[in-house]
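Chain by chain, the residues:
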Amino acid sequence: MRRSGIALLIGVVMVLSACTSGESSTTTSEADGAGTTDGGSSAGGTVRIGWGGSPDSLNPGNAVLAEAYTLYELIYDTPIGLDLDGNYVPELASDWSVSDDGLMWTMTIVDNAVFHDGTPLTSEDVKFSLELWRDNEDFPFLPSYPDVFTIEAPDPTTVVLSTEEAIGNFESRMVFMYIVPKHIWEGETDPVAFDNVNMIGTGSFSMLEYRQGEFVRLAANEDYWAGVPNVDEVIFQTIENPDARVTALRNGDVDMITEMPNTAISTLESDSNVEVVIGDPLAPGLSDIFFNMVPEELCPPEDGVCSGHPALRDLQVRTALAHSIDKQQLIDVALLGLGEPGISLVPSGLGDWYNSSLPDYAFDLDAANQILDDAGYLDSDGDGVRECREEQDCDDLTFRINYPNDSDTAPREMELVSGWWSEIGVASTIQPLDPDTLTSVCCPTFDFDVIRWGWGTDPDPGFLLGATLCSEIDSGFSETGYCNDDYDALYDAQAVETDPETRREMIWEMQEILLRDLPYIIPYYDQAVQAYRVDTFTGWMTGASKVALEDPSSLNVVRPAG
Amino acid sequence: MRTGRRRFVTRKVVFAAVTVFVVVTFNFFLFRVLPGDPAVGGLRDPRLSPERVAALQERFGLNDPVFVNLEGGNLLESQYFAYLGALAHGDLGTSYAFRDQPVSNLLGTALVNTVWLVLPAQVISIVAGVGLGLFAAYRRGTKVDVGALSFSLIMWSLPTFFLGIVLLFIGANWVGLPTAGRVTIGALYDTTWDQLVDIARHLLLPTATLALVLLGEYMLIMRSSVVDVLSEDYILTAKAEGLSTSRIISRHALRNALLPIVTLIALNLGFTVSGAIQVETVFSWPGLGQLTVSAVNQRDFPVLQGAFLLLAISVVLANLVVEIIYSWLDPRVSEA
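So the sequence lines, in the order shown, correspond to chains A and B. If you count the first sequence from 1, you need to add 615 to reach the working numbering. If you count the second sequence from 1, you need to add 133 to reach the working numbering.
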């Protein structure tokens, strides 16, 4: 989804597995699930976590906020999990396989999972849950994932999902499918109105006490099928003010904080009782700079204004602009160093899907000037701004730049970018806009030249790569008006490719095409910063590429220090 | 005289009811002028298909005409009349952002939390502010007066969030007070006394912040009011009779000087339900102020309407009470 800043609404785009066993192949692993240490809970203790928000709903179908999904990951299990390195791992489904024609997926469900109320979980619960999320159209997110399946439960440990077309992203469709107990939910005639305060699931923690906007208390599930957590209790406390959150950690009021301001990093790093962890966020995100390059003949007939600057449809101009952004300096200045230079629409947090082989456009103003000279954009009147070519319907290279006014860093970023661009004879007028207004000038109206915005991603790369399809120009998903038949053909092929390696090659090629054609410049990928006390609990999961200490991969294994 | 006051009270009550109705209607339309689609909140996700957005709009009743139904059928089949009808039954609707929560639950919880914070702060600031104002007026022109006056002016003009952050750092780092929350979460107490101490420790910083900010206002009004009264002729007469200063103040000056304070107290209490937004934010207090801010960000119209209704009713009610009290204190008011 288009993301405008805070942890706001990254919701479904995030994920994690209750499985802590890291590396495992996609289809054949045993259901040993979480590799917790001893299964005992003798160590005990209460982990206190400070976070900035609070869940918006305890009903998985209704939730939008990331905090709600954090709870679901702890309280519910999903058929398939996603570990912090981006691998799909078995969870309730001990293995899964696809038929030769790619139209039928069979999952084997573990036989020892038990709901918090003592009822054993069977394939009927899995079928019920998948259909629950699929069929309620007024759940905001979850229906998108199982929408292509017909679901059967032929025996208590088998679930069969049929599709009309092969799908390449089966695993990613299962990672948000929280399995709820049929015997509790089937009585709800209107599942959207169900507040689900008891949150009966099969996960490693169960709901103890909840106060909206204040705190959540979870108790370790002493009967957890994949290994009992080491601690007795986990408390999430809402501490809205970022400085108060940092103080709470330093004073020992909390043992870990899930988010903090970049400005506090050096203070916390100098505290010997505190460890700061930096890495990819659980829901990888990126900032982007995109160009209005919609061709006249593809201007959306109903909504299109298509007032984009004609020169931006020229690849030479976009290439020169790409050479004129110093991503590292932008990160150092605007983000205090906390970002990773970006390159493609698939962020590095998506693991193997990220094409790590692509060379970026070097920051080289001389080369950029040369490209524009060669392409015939000359500053003939000597005012410092290059003129358009004669056949183009424009005067000079003056671009409108917009960004959402709820972004803290965009103002500095675009001042920098505008400065670099002025050195290659490109002028710009910068105007921040309210996100709703930005949407209305963006797409599918195409009433802009350049926009700086961003995305939070789905675990599957197919989602964001859909934003550059010809077919999405009218729908408003395409922000650029980019249209390339070769790219579209690759997109269609990867969508039905069930072999992960073949699909990965296609996804990599698509990223290469986008980098060459430059509908987007990706200044950076977001980084997450968390911190924990070293003197209270130990065993936090810090070695993975993603940082998410609130994830079951940490909370299932942490134990009191010393 | 008695019928005069009854007529006065009746008139004021009717006027208050009309005011609340106008506010309800105004708020209803005010929020709908905001850009954006409340069905999806601040959320723009291409996977939200048009069908699903339509389903969400249907659930929230957003497909109906806003004011009156001009598309044929019953004129009253509109969002506005549906809202009024539900309101008449005490139903404030269901939150858009907290999709499975009735607005009345959300508001009720937040109101209790807000009162928990604001009431002690009000009581402390009233007692301390009035006392300090009286004392300063009594010692008018001395160093004590100048000191108290400067202190009050500074407190009154300090941004609340700044004072809150400063107190938070001092209290948390040097005194060891908790940084957030109303109680120690999940704590088991040996005695009721332990529980009270825990509550007091959590209340101390936010209450002190709010009380200090409010105190300045009470002190300044009280002081100037007492100074005014002390320059009246009848005080001079009392002095001439040889009464002691303390007797003059307690018997003659205080009652008259309290009139403006009564107004201020009632108005401040009325605004209590708007929550102390800044204090609630600094100290993560889950009160009405916080709920309102998040509702604005997420276009949660039902919660906003509920919060504003609550605010309107309490402010109007507070004004009504002041006017009725005044009609008792000063009979000339009800004859006007």
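Since the hints were derived computationally from the structure, they do not count as laboratory data. As the structure is a prediction and not an experimental result, all values here were calculated from the model. A hint or two may mislead.
Cβ pair distances, simulated, as ranges [to be verified]:
1. A:E824 with B:G274: 18 to 26 Å
2. B:D197 with A:S995: 54 to 62 Å
3. A:S1037 with B:F302: 41 to 49 Å
4. B:G218 with A:L953: 48 to 56 Å
5. A:D967 with B:S290: 57 to 65 Å
6. A:A1104 with B:A187: 47 to 55 Å
7. B:S290 with A:D1023: 21 to 29 Å
8. A:T773 with B:W326: 58 to 66 Å
9. B:W307 with A:A1176: 21 to 29 Å
10. B:V426 with A:E890: 28 to 36 Å
11. B:D197 with A:D810: 19 to 27 Å
12. A:L823 with B:W249: 16 to 24 Å
13. A:L823 with B:V426: 38 to 46 Å
14. B:S290 with A:D988: 56 to 64 Å
All residues carry an ideal CB built from backbone N, CA and C; glycine is no exception.
Verification of the supplied hints:
no., hint, verdict
1, A:E824 with B:G274: 18 to 26 Å, "57 Å, violated"
2, B:D197 with A:S995: 54 to 62 Å, "59 Å, holds"
3, A:S1037 with B:F302: 41 to 49 Å, "42 Å, holds"
4, B:G218 with A:L953: 48 to 56 Å, "52 Å, holds"
5, A:D967 with B:S290: 57 to 65 Å, "58 Å, holds"
6, A:A1104 with B:A187: 47 to 55 Å, "32 Å, violated"
7, B:S290 with A:D1023: 21 to 29 Å, "28 Å, holds"
8, A:T773 with B:W326: 58 to 66 Å, "59 Å, holds"
9, B:W307 with A:A1176: 21 to 29 Å, "26 Å, holds"
10, B:V426 with A:E890: 28 to 36 Å, "33 Å, holds"
11, B:D197 with A:D810: 19 to 27 Å, "25 Å, holds"
12, A:L823 with B:W249: 16 to 24 Å, "23 Å, holds"
13, A:L823 with B:V426: 38 to 46 Å, "28 Å, violated"
14, B:S290 with A:D988: 56 to 64 Å, "59 Å, holds"
Hints 1, 6, 13 from the list above are not met by this structure, while the remaining hints are.
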